[in-house]
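Chemist: Below are the chains, spelled out letter by letter.
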Amino acid sequence: MFDYPAHHREIVDEFMNGRFILHSDKLFEEVRGNEDFYRSFFHLSFGYNLKLTREFAYIISEGSNENLSRDISVFFAILCYELDKNGKNFLEELEYGYFEYRRIDELFENSSYVDHIVSNNKLKDSNARKNLFNEMSRRNIIEKENDESFSFTPAYKVFIEFANELASRKIVDKHNETNL
Amino acid sequence: MRAEPKTILRFLLENFEALRDLFEIQLSDGIVKKEILRTICDKYGSNIQVQLVDYKILRPINDDFEFHSAYFNLIEFITSQFKPLLPETIEKYYLSISKLYQRITEGIDGDKEILKLRVAELSTEIRSFFELVERNTIGLLKETRNIKSNIEKIDYREKIIRASRWIDEYIVPLNRILDVNHSESVANKLSNAGQFVNAKRLSFNDEQLRIQFEQLYQLIMSINDGLLRQSRILTTELLPLIDRIRTESLILTGWIEFLNKPEKYDTPVLLKPVKDFAYSGNVYLNTKEFFEQFAKEEIVYLEDEETEREKWVFNKRYYKNKLREDLPVKDFFGWCANTLTEEYKTIEIEKFFDLASLIFEKDLEPQFPENTVLIEVKTDRSLIRVPNIIVKKNV
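Chains U and W, in that order, are what the protein sequence lines are. End of the first sequence = 180 in the numbering used here, gap-free, step of one. End of the second sequence = 1395 in the numbering used here, gap-free, step of one.
With the rest of the complex left out, here is chain U (with noise of 0.2 Å):
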């Protein structure tokens, strides 16, 4: 019979709901440790890729979550930016710190970015944030300290190296179309 990595359920359960394991959890060693087999398991099986770092591994697919994605991704720039505006680093801040859900809602009442937040129903005001909030810790994105608030995984680079991308992506598109 095939011997298959232990805790192997459990691994597929977590990555089958879309959910971050991360670098703390006993979970990521065994998935580190047989990347090969998952790989294949997960591409075979369903079609469907593993990303591994050093801090965090994670599934995704073709058919994936655009919506939810994108209003992480709003959610995380205003945040940035709110942040910067108050000139705090919003790098450390993401990394090591702790965010009352309180001051999140003042960042958010008090953003010059108003259109993109009432227009957005997981934004727009601080219930539809705490769905939000909700979601984003049943995937490991935050982890709740207890009802005040709550503090970023590792699994937030995810959506920091996309702005990285995007931001180096234009820059070239800029250069070329001066050079043009």
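Among the hints, erroneous ones may be present.
In silico SDA-like cross-links for lysine to any residue, where the CA-CA straight-line distance does not exceed 25 Å [unchecked claim]:
#1 U:LYS157 <-> U:ASN134
#2 W:LYS1288 <-> U:GLU145
#3 U:LYS130 <-> W:PHE1291
#4 U:LYS170 <-> W:PHE1291
#5 W:LYS1288 <-> U:LYS170
#6 U:LYS85 <-> W:LYS1288
#7 U:LYS144 <-> W:PRO1273
#8 U:LYS170 <-> W:PHE1023
#9 U:LYS144 <-> U:GLU109
#10 W:LYS1261 <-> U:GLU82
#11 U:LYS85 <-> W:TYR1265
#12 U:LYS124 <-> W:PHE1291
#13 U:LYS85 <-> W:ARG1135
#14 W:LYS1264 <-> U:SER168
#15 W:LYS1392 <-> W:ARG1324
#16 U:LYS88 <-> W:ARG1157
#17 U:LYS174 <-> W:SER1028
#18 U:LYS85 <-> U:MET16
#19 U:LYS170 <-> W:PRO1273
#20 W:LYS1264 <-> W:ILE1151
#21 W:LYS1142 <-> W:LYS1264
#22 U:LYS174 <-> W:ASP1029
#23 U:LYS85 <-> W:THR1236
#24 U:LYS130 <-> W:GLU1292
#25 W:LYS1264 <-> U:SER119
#26 U:LYS122 <-> W:TYR1284
#27 U:LYS124 <-> W:ARG1324
#28 W:LYS1261 <-> U:GLU145
#29 W:LYS1264 <-> U:SER69
To be clear, the hints were calculated from the coordinates, so they are not data collected in a lab. Owing to the predicted nature of the structure, the values given are computational and were not obtained by experimental measurement.
We have chain U; now place chain W onto it with these hints.
Modeler: Same frame as chain U, now just chain W:
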């Protein structure tokens, strides 16, 4: 013959991409050259040049073209591509608003028809002023975010020069216009007008004028709130621009570019979980989330009803008989107070009024002495001053 409005709207919808390109050309060059118009028409594979002129979307300027201002404003509005205006363009409203306000105050008791026209004109001017301020703030935010984003990779010195220009020529003067404490500002004039309109809005006999003043008051109040919001953006985000551009981050550049058009970019791919079943591990959180949206956060205090208190039922027959036995009564309200004190030790106001209602009984005749004095009755909740009334039997 002029085209049907629906035909023009359909044309705008079907050719919007081409129109947006033409709009951006005019935004940067101030005019649409005929060669460029041809290139854009070729790009979208349609010959729309004739309709553009027939529908008066573009008007010919010698051999070239420019947008009719109504269509230019429409595309500018729906794409939020506002070019900041120099404060001089906004400052002109100080004159028109001040003048109209002055005429309204001077002619408040004069010709009502002229007054109505002036109030209507003032509303229009205030609305136009606010729209201009709002779009100017949007335009300034866009320009200053571009400096912060620095996609062009301009050096720090050039960034400072550009930022200083925005601050000195646009942001500081706009802030002055919105400074309610500055006596020469439009915001100050609006604040004064608001106070005046508030004082006068209920004092007209003419209903239409009263309605007009009420509407003007509501408009000024909402515009003042809006101006406060714009002023806050200026103070927290635009005026500290020099400080804010000291730091630069590739990530922030990416986010600013992303927020320019969030729908345009493919965001990180996340797995879409398959449908949950009742025994899924997610059901608890999903259900919790579902119910949380109905949860009211306000704390509600419910006071327990006083259970010890006996419910008072007015036994009219009993008290009427008691009163008849005591007739004639020289001080009716004093009798009510004494009766209640004897039976309950305190005078509850509800009981007192019930007893007092006996005075309306047909077989009793109240008499009011000429030099009556007021008698004070102290109840559980108040002190009542009542006249001295004599009650006799009605024969």
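Chemist: Hints first: check each against the structure and report whether it holds.
Modeler: Right, here's what the structure says about each hint:
no., hint, verdict
1, U:LYS157 <-> U:ASN134, "holds (19 Å)"
2, W:LYS1288 <-> U:GLU145, "holds (17 Å)"
3, U:LYS130 <-> W:PHE1291, "holds (12 Å)"
4, U:LYS170 <-> W:PHE1291, "violated (43 Å)"
5, W:LYS1288 <-> U:LYS170, "violated (42 Å)"
6, U:LYS85 <-> W:LYS1288, "violated (35 Å)"
7, U:LYS144 <-> W:PRO1273, "holds (21 Å)"
8, U:LYS170 <-> W:PHE1023, "holds (22 Å)"
9, U:LYS144 <-> U:GLU109, "holds (22 Å)"
10, W:LYS1261 <-> U:GLU82, "holds (18 Å)"
11, U:LYS85 <-> W:TYR1265, "holds (24 Å)"
12, U:LYS124 <-> W:PHE1291, "holds (19 Å)"
13, U:LYS85 <-> W:ARG1135, "holds (21 Å)"
14, W:LYS1264 <-> U:SER168, "holds (16 Å)"
15, W:LYS1392 <-> W:ARG1324, "holds (9 Å)"
16, U:LYS88 <-> W:ARG1157, "holds (23 Å)"
17, U:LYS174 <-> W:SER1028, "holds (16 Å)"
18, U:LYS85 <-> U:MET16, "violated (38 Å)"
19, U:LYS170 <-> W:PRO1273, "violated (32 Å)"
20, W:LYS1264 <-> W:ILE1151, "holds (17 Å)"
21, W:LYS1142 <-> W:LYS1264, "holds (17 Å)"
22, U:LYS174 <-> W:ASP1029, "holds (19 Å)"
23, U:LYS85 <-> W:THR1236, "holds (8 Å)"
24, U:LYS130 <-> W:GLU1292, "holds (9 Å)"
25, W:LYS1264 <-> U:SER119, "holds (16 Å)"
26, U:LYS122 <-> W:TYR1284, "holds (20 Å)"
27, U:LYS124 <-> W:ARG1324, "violated (72 Å)"
28, W:LYS1261 <-> U:GLU145, "violated (33 Å)"
29, W:LYS1264 <-> U:SER69, "holds (13 Å)"
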